[in-house]
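Protein chains: 2
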Amino acid sequence: MKVKNNRLEALRMIISSQQLGSQEELLAALQKEGFRLTQATLSRDLKQLKVAKAASMSGNYVYVLPNETMYKRVSTPNSVREMMEVPGFLSINFSGNMGVIKTRPGYASSIAWNIDNSDIPQILGTIAGDDTIFIVIREGCSKREVTETLSRFIPNMK
Amino acid sequence: MKVKNNRLEALRMIISSQQLGSQEELLAALQKEGFRLTQATLSRDLKQLKVAKAASMSGNYVYVLPNETMYKRVSTPNSVREMMEVPGFLSINFSGNMGVIKTRPGYASSIAWNIDNSDIPQILGTIAGDDTIFIVIREGCSKREVTETLSRFIPNMK
DNA sequence: CCCAATTATGAATAAATATTCCTAACATGA
DNA sequence: TCATGTTAGGAATATTTATTCATAATTGGG
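As given, the protein sequences belong to chains S and X, one line each in that order.
The first sequence runs 1 to 158 under the working numbering.
The second sequence runs 1 to 158 under the working numbering.
Keep in mind that the hints were calculated from the coordinates and are not lab data.
Incorrect hints may appear among the rest.
Pairs count within a copy or across copies, as identical chains cannot be separated in the list.
[What the hints assert, rightly or not] Cross-link-like lysine to aspartate or glutamate pairs, in silico, DMTMM-like; alpha carbons within 20 Å at most:
1. K32 / E139
2. K143 / D130
3. K4 / E33
4. K102 / E139
Owing to the predicted nature of the structure, the values given are computational and were not obtained by experimental measurement.
All chains, full assembly: derive it from the sequences and hints.
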């Protein structure tokens with residue numbers, strides 16, 4: 001529905017540009033933009049947009065837009081031990097024939113070196129920045145296959 | 001005070017490892033850890049820690065720990081916007097699941113840093129040379145989607 | 001175009017959360 | 001030590017926010 005989507009978009013804009021601390025204030029802002037709705041609907045909109053309310057530095061509350069990192073959960077209680085195993089490793093993701101490893105700043109090249117010297121046939125090559133490694137995967141190899149192989153020396157991978 | 005700080009630390013741990021959706025649940029979790037307090041105190045703790053409550057993918061609410069980016073307002077120049085305003089940026093083009101940004105010599109790494117820190121979920125990672133940045137795009141995300149996201153910061157990009 | 005099914009929404013209300021108002025615990029300097 | 005300022009925290013309450021229960025609007029076949 002058009003009206004609703006416009007409203008959601010307006011809501012995003014309002015939240016990303018102003019610091020409002022209650023639904024009442026958001027409601028007023030939306031109404032100033034010409035949208036006619038009640039608090040009930042606004043509450044549902046906020047839920048759909050996954051907008052969060054958090055305390056601000058100034059001691060008030062602010063509505064904030066969601067982002068990837070805020071939903072991240074640490075996996076298990078032995079995560080400290082796991083962290084020791086391959087220091088610096090943060091995450092790995094795939095897209096098409098590429099893998100992207102994120103590391104702590106400065107760790108990328110040493111991890112990439114390890115991968116390069118492990119002679120993994122599924123991996124054609126890597127290139128490392130400061131905290132990111134790009135991996136090019138051999139044609140026809142699945143991500144799972146690569147993950148399995150990599151996890152032999154990155155135990156905290158998954 | 002010791003008790004309070006321990007409690008706040010425990011609270012952080014609980015929130016970062018579990019998905020709890022109400023103060024009642026958090027309260028129970030804290031009490032299981034041996035802390036004795038009421039909802040009122042918990043509310044104050046949450047405010048102090050700047051913990052936020054947001055809708056999760058599963059349709060419930062979750063408490064989430066704060067992070068830098070969630071407080072960013074577009075009025076305070078956003079990094080992607082900054083990137084586009086920076087004289088180093090030249091062009092962006094896509095091929096398959098990759099994007100290539102050309103910059104003036106020497107500018108690539110700082111622009112890539114800006115992209116990395118903008119928390120764009122469609123972008124898995126970037127690697128910068130001297131005047132070129134490679135971007136890997138999340139699977140299933142079209143370049144159009146990436147441009148959409150960028151155009152939220154750069155109106156004239158679309 | 002019509003109907004069924006879905007989606008959106010408001011009013012009222014339930015539920016959750018923040019704050020007010022105290023009191024108690026603690027810290028500190030004389 | 002005492003006096004005094006400061007922080008912590010509970011009970012009750014005010015405020016805010018989510019949901020329930022209906023209706024209305026909208027969409028997608030046929």
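Is it within, between, both or neither when you check K102 against E139 at 20 Å Cα-Cα? between (22 Å within a copy, 16 Å between copies)
Intra- versus inter-subunit Cα pairing at 20 Å for K4 with E33: Within one copy only: 13 Å inside a chain, 44 Å across chains, cut-off 20 Å.
When Cα atoms must be at most 20 Å apart, do K32 and E139 count as within-copy, between-copy, both, or neither? Cα proximity of K32 and E139: none, with 41 Å in one copy and 39 Å across.
For the identical chains here, do K143 and D130 meet the 20 Å Cα criterion within one copy, between copies, both, or neither? neither (23 Å within a copy, 25 Å between copies)
Of the numbered hints listed earlier, those contradicted by the structure are 1 and 2.
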